[in-house]
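Listed in order, the protein sequences are those of chains A and B. Residues 0 to 314 (numbering that gives the first Met the number 0) make up the first sequence, in order. Residues 0 to 67 (numbering that gives the first Met the number 0) make up the second sequence, in order.
Because the hints were derived from the structure by calculation, they are not lab data. Glycine included, C-beta positions come from ideal geometry on N, C-alpha and C. Among the hints, erroneous ones may be present.
Reference listing, derived: stretches of chain B covered by chain A, where coverage requires no fewer than 3 residues with Cβ under 8 Å from a Cβ of chain A [as the list claims (entries may be wrong)]:
1. 1-9
2. 18-31
3. 34-43
Just the calculated beta-carbon pair ranges, DEER-fashion [said to hold, decoys possible]:
4. A:GLY241 / B:MET0: 45 to 53 Å
5. B:GLY28 / A:LEU22: 33 to 41 Å
6. A:GLY178 / B:LEU26: 29 to 37 Å
7. B:GLY39 / A:ALA114: 21 to 29 Å
8. A:VAL14 / B:LEU47: 21 to 29 Å
9. B:ILE3 / A:THR278: 47 to 55 Å
10. B:ILE3 / A:PRO185: 54 to 62 Å
11. B:SER1 / A:PHE175: 52 to 60 Å
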Amino acid sequence: MQLDAVVLFFVLGLVAGVLKVRLPFPTGLYQSLTLFLLLAIGLKGGAALAEHASSRIIWQSLLVIGFGAALPLLAFPLLRQIGGLDKINAAAIAAHYGSVSVATYAVAVAVLDAAGVTYEAYFPLFVVLLEIPAIIVGLVLARGLSAGLASRELAHETLLSPGIVLMVGGLLIGAFSGGSLIKITPFFMDLFQGALALFLLKMGLITTEQLSALKQDGPFLAAFGVFMPLLAGGLGSLLGHGLGLSVGGVTLLAVLGASASYIAVPAAMRVALPQANATLSMAASLGITFPFNVLAGIPLYLLLAQWLQGSAVSP
Amino acid sequence: MSLITRQRLFICLVALLNLALAATLYLNGHAGAPLGVIGGALLPLAWLAGRRPDTTAVSAGEGDAHAA
Numbered sequence: 000m001q002l003d004a005v006v007l008f009f010v011l012g013l014v015a016g017v018l019k020v021r022l023p024f025p026t027g028l029y030q031s032l033t034l035f036l037l038l039a040i041g042l043k044g045g046a047a048l049a050e051h052a053s054s055r056i057i058w059q060s061l062l063v064i065g066f067g068a069a070l071p072l073l074a075f076p077l078l079r080q081i082g083g084l085d086k087i088n089a090a091a092i093a094a095h096y097g098s099v100s101v102a103t104y105a106v107a108v109a110v111l112d113a114a115g116v117t118y119e120a121y122f123p124l125f126v127v128l129l130e131i132p133a134i135i136v137g138l139v140l141a142r143g144l145s146a147g148l149a150s151r152e153l154a155h156e157t158l159l160s161p162g163i164v165l166m167v168g169g170l171l172i173g174a175f176s177g178g179s180l181i182k183i184t185p186f187f188m189d190l191f192q193g194a195l196a197l198f199l200l201k202m203g204l205i206t207t208e209q210l211s212a213l214k215q216d217g218p219f220l221a222a223f224g225v226f227m228p229l230l231a232g233g234l235g236s237l238l239g240h241g242l243g244l245s246v247g248g249v250t251l252l253a254v255l256g257a258s259a260s261y262i263a264v265p266a267a268m269r270v271a272l273p274q275a276n277a278t279l280s281m282a283a284s285l286g287i288t289f290p291f292n293v294l295a296g297i298p299l300y301l302l303l304a305q306w307l308q309g310s311a312v313s314p
Numbered sequence: 000m001s002l003i004t005r006q007r008l009f010i011c012l013v014a015l016l017n018l019a020l021a022a023t024l025y026l027n028g029h030a031g032a033p034l035g036v037i038g039g040a041l042l043p044l045a046w047l048a049g050r051r052p053d054t055t056a057v058s059a060g061e062g063d064a065h066a067a
């Protein structure tokens, strides 16, 4: 069995975290790598958008937004009826699972590139679009229809969160810079895999920290954190297949559905639902769902996409 | 059906789903080990559902004795 080199960096971080190795990983480096990855993904998507812009992308985008809004509606009743969580915490966790994880997306792209599977290069647009609807649906679930984005502070946190600004900024720069983009390509594109590997090393360390938080509702949340990506990944695959995406595109839409946010949504929820227990959401999304997707989910979604598209499924 | 029973059934269902997926992948010549390990790890969690995290079996027994 061969694992992707980038994924193995995540495993190294997990092992180091479990063994309580004190790896000196500066916070500033982690923040810089996050900034780099968000910008690089945005730039790549922007360049592809400029090349392939068409009306087809608009209706695909609308359906993807609808998909993002539907996912919390699936997660919420599970969390309430089976998890026994109160309305606020169930809504907050549901919002996390409707939104996306850019890191999971980046790993999926690295896996597809390594496997030589092509995909629609404008996918970063869908990453941006999927960040927001789940937050709004989560708020409506917690507070009712009147909540929306009524608070100015909340609207700011949601629509102008650093992650969204960097990705949208990258998309716009990539789309409008034309040929001059090549000047920054060696930095943002050629170094992408190395930066992602370092980022995942840190993510492995963070994951082990989050796991210890899964004590009170641990067993249920662990199962939920594994079930939701399988459900949402399956639905994402079907949607991607219905949208006529390539094998890589179907895989990426499954990954976007299956992943759970741990950057944009927590920031918005801190403002919108301060009474929600952030540890529960983070432990489930970062401690369970992120490693599940990286180690088992992404290869599964790729196989599912290949099976759906009727292409050769190589063992 | 009590909440704990629902949680235990849900955890068992997710564990079995992972084990079934792992078996399907394995039988088709793919790597099913990660899903198999996850499914196997989830099964004992069904037993843990509803138990207080900081209460060991021994202390739980003692607690019951005090209550009695």
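Hint-by-hint comparison with the structure:
1. 1-9: holds (count 4)
2. 18-31: holds (count 6)
3. 34-43: holds (count 3)
4. A:GLY241 / B:MET0: 45 to 53 Å: 36 Å, violated
5. B:GLY28 / A:LEU22: 33 to 41 Å: For B:GLY28 and A:LEU22 the Cβ distance comes to about 37 Å; the hint holds.
6. A:GLY178 / B:LEU26: 29 to 37 Å: Roughly 51 Å apart at Cβ, these two residues miss the hinted range, so it is violated.
7. B:GLY39 / A:ALA114: 21 to 29 Å: 27 Å Cβ-Cβ, so the 21 to 29 Å window holds.
8. A:VAL14 / B:LEU47: 21 to 29 Å: 24 Å, holds
9. B:ILE3 / A:THR278: 47 to 55 Å: Given range 47 to 55 Å: violated, Cβ gap about 22 Å.
10. B:ILE3 / A:PRO185: 54 to 62 Å: Since B:ILE3 and A:PRO185 have Cβ atoms about 57 Å apart, the given range 54 to 62 Å holds.
11. B:SER1 / A:PHE175: 52 to 60 Å: 59 Å, holds
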